[in-house]
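K.L.:
Listed below are the residues making up each chain.
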Amino acid sequence: MSYKEISKSFLDTADVTVGDTVKVLKNEITYEGILLDRSEDAADSYIVLKLSSGYNVGINITGATIELIEKGDRPKISYEEDIIEKDLNKDNISIISTGGTVSSIIDYKTGAVHPKFTASDLLKANPELLDLANYEVKALYNILSENMKPEYWQKAAKSIADDIAEGADGVVISHGTDTMHYTSAALSFMIKTPVPIVVTGAQRSSDRPSTDAFLNIYNSVGAAKSDIAEVTVCMHDNLNDGICALHKGTKVRKMHTSRRDTFRSIDSEPITTLKDAKVNKVNLPYIKRGERELELSTDIEPKVALIKSYPGIGEELINYHIDKGFKGLLIEGTGLGHVPDYLVEPLARAKDENIAVVMTSQCLYGTVNINVYSTGRLLTDAGVISGMDMTPETAYVKLAWALGKTDKLNEIKEIIQTNVAGELNKSSSVKYFLN
Amino acid sequence: MAKDNTKEAPKIERNWEELGLMMGLEIHQQLNTQHKLFCPCSTELIDEDFDDAIIRNLRPTQSELGQIDRAALQESLRDMTFKYESYNQHTCLVETDDEPPHALNREALDICITIASLLNMKIVDEFHTMRKQVIDGSNTGGFQRTGLAAINGYLDTPYGRVAIESLGLEEDAARRVDSDGEYTEFRLDRLGIPLAEITTNPSMDHPEQIKEVAYMIGQVLRSTNVKRGIGTIRQDVNISITKGARVEIKGVQDLDLMPEIVEREVQRQLALIEIKEELERRNASVDETIYDLDEVFENTSSKILSSAKCVKGIILRGFDGLIGKEVQPGRRFGTELSSYAKKMGVMGLFHADELPAYGILQEEVDAMREFLKVNPEDAIIIVAHDPDIATAALSEAIRRAEMAFDGVVEETRKALEDGNTEYMRPLPTANRMYLETDIPLFQITKDMIEPIANNLPELPDEKKARIIKEYKLSEDLANQIVRRLLGDIFENILTQVKVDSTTVASVLVADLRDLKREGIDISIFTETKLVEIFKLLESGKISKDALKDLMIATSKNPQKPAEEVANDENLTLLSEDAVIEIIHEIALNNKEMIVERKMGAMGPLMGMSMKKLKGKADGSLVNKIVKDIIQKHM
Chain A
1 MSYKEISKSF LDTADVTVGD TVKVLKNEIT YEGILLDRSE DAADSYIVLK
51 LSSGYNVGIN ITGATIELIE KGDRPKISYE EDIIEKDLNK DNISIISTGG
101 TVSSIIDYKT GAVHPKFTAS DLLKANPELL DLANYEVKAL YNILSENMKP
151 EYWQKAAKSI ADDIAEGADG VVISHGTDTM HYTSAALSFM IKTPVPIVVT
201 GAQRSSDRPS TDAFLNIYNS VGAAKSDIAE VTVCMHDNLN DGICALHKGT
251 KVRKMHTSRR DTFRSIDSEP ITTLKDAKVN KVNLPYIKRG ERELELSTDI
301 EPKVALIKSY PGIGEELINY HIDKGFKGLL IEGTGLGHVP DYLVEPLARA
351 KDENIAVVMT SQCLYGTVNI NVYSTGRLLT DAGVISGMDM TPETAYVKLA
401 WALGKTDKLN EIKEIIQTNV AGELNKSSSV KYFLN
Chain B
1 MAKDNTKEAP KIERNWEELG LMMGLEIHQQ LNTQHKLFCP CSTELIDEDF
51 DDAIIRNLRP TQSELGQIDR AALQESLRDM TFKYESYNQH TCLVETDDEP
101 PHALNREALD ICITIASLLN MKIVDEFHTM RKQVIDGSNT GGFQRTGLAA
151 INGYLDTPYG RVAIESLGLE EDAARRVDSD GEYTEFRLDR LGIPLAEITT
201 NPSMDHPEQI KEVAYMIGQV LRSTNVKRGI GTIRQDVNIS ITKGARVEIK
251 GVQDLDLMPE IVEREVQRQL ALIEIKEELE RRNASVDETI YDLDEVFENT
301 SSKILSSAKC VKGIILRGFD GLIGKEVQPG RRFGTELSSY AKKMGVMGLF
351 HADELPAYGI LQEEVDAMRE FLKVNPEDAI IIVAHDPDIA TAALSEAIRR
401 AEMAFDGVVE ETRKALEDGN TEYMRPLPTA NRMYLETDIP LFQITKDMIE
451 PIANNLPELP DEKKARIIKE YKLSEDLANQ IVRRLLGDIF ENILTQVKVD
501 STTVASVLVA DLRDLKREGI DISIFTETKL VEIFKLLESG KISKDALKDL
551 MIATSKNPQK PAEEVANDEN LTLLSEDAVI EIIHEIALNN KEMIVERKMG
601 AMGPLMGMSM KKLKGKADGS LVNKIVKDII QKHM
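Protein chains in written order, with our numbering: chain A, 1 to 435; chain B, 1 to 634.
Mixed in with the good hints, there may be bad ones.
Okay, the calculated beta carbon distance ranges per label pair [unchecked claim]:
1. B:45 <-> A:297: 56 to 64 Å
2. A:15 <-> B:246: 48 to 56 Å
3. B:391 <-> A:69: 28 to 36 Å
4. A:363 <-> B:524: 52 to 60 Å
5. B:457 <-> A:4: 39 to 47 Å
6. B:246 <-> A:41: 38 to 46 Å
7. A:4 <-> B:523: 56 to 64 Å
8. B:44 <-> A:69: 45 to 53 Å
9. A:41 <-> B:231: 37 to 45 Å
10. A:42 <-> B:136: 26 to 34 Å
11. A:44 <-> B:523: 53 to 61 Å
12. B:522 <-> A:44: 53 to 61 Å
13. A:151 <-> B:231: 43 to 51 Å
The hints are simulated quantities; they were obtained by calculation from the structure and are not laboratory data. Glycine included, every Cβ here is placed at the ideal spot set by N, Cα and C.
Generate coordinates for the entire structure from the input sequences, incorporating the hints supplied.
P.N.:
See the structure below:
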């Protein structure tokens, strides 16, 4: 119970705990209802009741008295597990949950939302999925996407590889949206895959009737069954509930805090779109199912910093990271890939201390070119590696991954500037902007 | 407005107490805030063409599904795709459900505190915003945000004290717009306008009482900062009688119609009880089979039947004659069945007892009865449509027919303009609510309540009493001033001009209304304009009797100063000498009458003078002159 101090001692006087039906008397008013839990960060000296009308109300316990009407259980919700028969004619799709919820049940008695992670939960909420495939569903971990760490990428990659080795025809990863594009990039570098690996999520939680989770997961399963054997992100293509876009895992970015169609292809366009779990016209070449053998390469160096240049940035920012033992610095420069000229010196120092420095652009769109202006040429001389047309996030992940393989700067440069998973385009296109 | 059959309906004096009539009210009132409840958009409805349309689906959430049941899910997903009209500037991402709600609108909460105080309610210590499941598409999120603001109030009425159970603060729903497209369409302009929801307890027991209580609550609301005009207040009525069931009637617009709606609902419940008893007597039953009738109507000349993909029918055994039984004026038991079927997408049902009609021939009816091997006491219902829709519609008709054995069914019904009601949906079993986690809990402290509670607007009754006392108005005039919300303008005018208060009140309640009825745009009569006109009266430039003519003339030329209009229209007062001269002339022409009738000639002479002067002289002056002249002749 998250009641504390004042409210806890008040509740203790009547031996009341969450779930009990109680009567609270205050200033000649009687409230009767079920005692609910109160969030940890809410003010003390209030208790929460759910009235029979369904409304919750907070009561300040100052001057109030409480009486137990009936003991109740702390509400628990679960359904019986159904055995779902596998259909041999259907693909076997593995669904891996990393956080957020694949489905939720609302207990209207108390108003509690119970997150659910099992296959049976997912399929109960979205029985249409049964038309598409057989499923193995597992909850790998349950963290908020902002708390994601490089070590979780490794764990996810290994788990995915296990599923593929065991015969999964495709894998769907459910993921919080905040750092989804970091994870999709990491998985892209870590796994050479013979089958589709599709990362998806929801901008509106699954306890709401308007959730975008269903459409996203439904089309993700469609993508996981397709011929596109790459790591991709499958999310709403626009504000309508209809079409999802399938983005390359290394060329995608969350571009809006709250819209359903927040994920956009950057310096690229979606490989394809999906409607009713079916692939539409294909826009980009892709690696086909079975074209590659499964290969895992999960080593990663976590001591990499992402530094954004801005007017007035101090050189101590670079020196700090050098002093703290960082192995790689990913710079988000201005324009074509610039930083103030006084940063050239500390960046050259980084090189001298065998720290890899990669330049990307905060423009997000377009290719870095540090040969056009003099500062750029100075940066090249200082050993700064161009991240070319990678997004800062993809380049950050790639740098950490490259540092997992080698600490030789020339080898790192080679890795950074060699296309591994579709992160580098051979050429630009007029189509690759704001689409 | 009540239609003709209101008048035709025989007025039955019912014994409401014996019937066990119980009624409660739920009133929704839009608040006149600057911004919506959870976003910065304005609270005005938009008539411009929309900029964008968004297509969305809603899915019932888990607790409503239970076990995997494909059929049930498909059923619930039927018509669950919606189209929302949005604006680039007038609506934002909060309405489209693409942005979390912003903090609770304090202005709306303050209005609720005012309303709660006026209704003697206890305001909650902490306001919790809840999500109430609504999956008919009227809320883009699939839930309405609502919170409990106050409880335990009362209102004293001529029928006694009525308990006000609760005051909620919630979002209005999106506005349904006509659409010939494939989706149910809504406009987002109304979504999120703050609404106060006032619920009385269900203790009212007379149809006139519920009207009075609704009126009084409306008056309380209108003394606060709420929206005015059509659609800004919506009344729902809960009705039950002892042998019947609770029925919620939504959207009663016209308060005068309320007693009629109650009467007709009671009538409907009594008729349904009679039908139930008759069905039991007859040992009737519902055949659950849906029959294919394509064979029977293969060569039909009925266009309605031949243009449909199939014709299907059901048999209601022992229902003969009951389908046509009237349950409300102009509505039969068959209409109740149809309204359930219509929810599945058909235009209506055919009842065999209304055939031959619609191009269906008697011989086809006979052939159908033969084909279905029915008995004379059985009723047949048919529908012509696509096979799955026809089947769904008839399944609903079967379901409703089976309910007839229970008498009255708990339902939510829609108020129709003639006082009848139509089935909308089943009564919600319980409020499906859970906490809106995107909005922080809101503590309502004493510091917030006290300044509002100490500065409450005057209630209508208090205002009336004060106006009678302060301005010496008649009860009737004061009543009209208050009921029609003219109190402020009345008092404001009187602070600016020294004229008779009854004259001002009469202009406001009577003359303006008359002008409006004559089709004159009375919106030009602003406070300033009226003050300008009354100033002419105050300074003696016009007479009281010329006011109305001057207003008519002004309305044709609102830009022109009232004094000029009065001059142009020859409505200004004549000098006393000129008046004496005119009356003298009249007296000369009627000399014999004056001599003969003496003071008895006063009335006729006054009449003739006033007619001749046409408001160009003050009545009391004319009276004095006429009197003088008669006395001189005596």
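K.L.:
Hint by hint, say whether it matches the structure.
P.N.:
Hints, one by one, checked against the model:
At about 60 Å, the beta-carbon gap between residue 45 of chain B and residue 297 of chain A stays in the expected band of 56 to 64 Å. Checked against the hint of 48 to 56 Å, the pair residue 15 of chain A and residue 246 of chain B fails, with Cβ atoms roughly 38 Å apart. A hinted range of 28 to 36 Å for the beta carbons of residue 391 of chain B and residue 69 of chain A is inconsistent with their spacing of about 48 Å. A hinted range of 52 to 60 Å holds for the C-beta pair residue 363 of chain A and residue 524 of chain B, which are about 59 Å apart.
Residue 457 of chain B and residue 4 of chain A have their C-beta atoms about 41 Å apart, which keeps the hinted 39 to 47 Å range intact. Checked against the hint of 38 to 46 Å, the C-beta distance between residue 246 of chain B and residue 41 of chain A comes to roughly 41 Å, which is consistent with it. Checked against the given bound of 56 to 64 Å, the beta carbons of residue 4 of chain A and residue 523 of chain B, roughly 60 Å apart, stay inside it. Between residue 44 of chain B and residue 69 of chain A the Cβ separation comes to about 47 Å, which falls inside the hinted range of 45 to 53 Å.
Checked against the hint of 37 to 45 Å, the C-beta distance between residue 41 of chain A and residue 231 of chain B comes to roughly 40 Å, which is consistent with it. Between residue 42 of chain A and residue 136 of chain B the Cβ separation comes to about 33 Å, which falls inside the hinted range of 26 to 34 Å. Our hint of 53 to 61 Å for residue 44 of chain A and residue 523 of chain B holds, since their Cβ atoms are close to 55 Å apart. The hint said 53 to 61 Å for the Cβ distance between residue 522 of chain B and residue 44 of chain A, and at roughly 58 Å that hint holds.
Taken as a hint, the range 43 to 51 Å is violated for the pair residue 151 of chain A and residue 231 of chain B, whose Cβ atoms sit roughly 58 Å apart.
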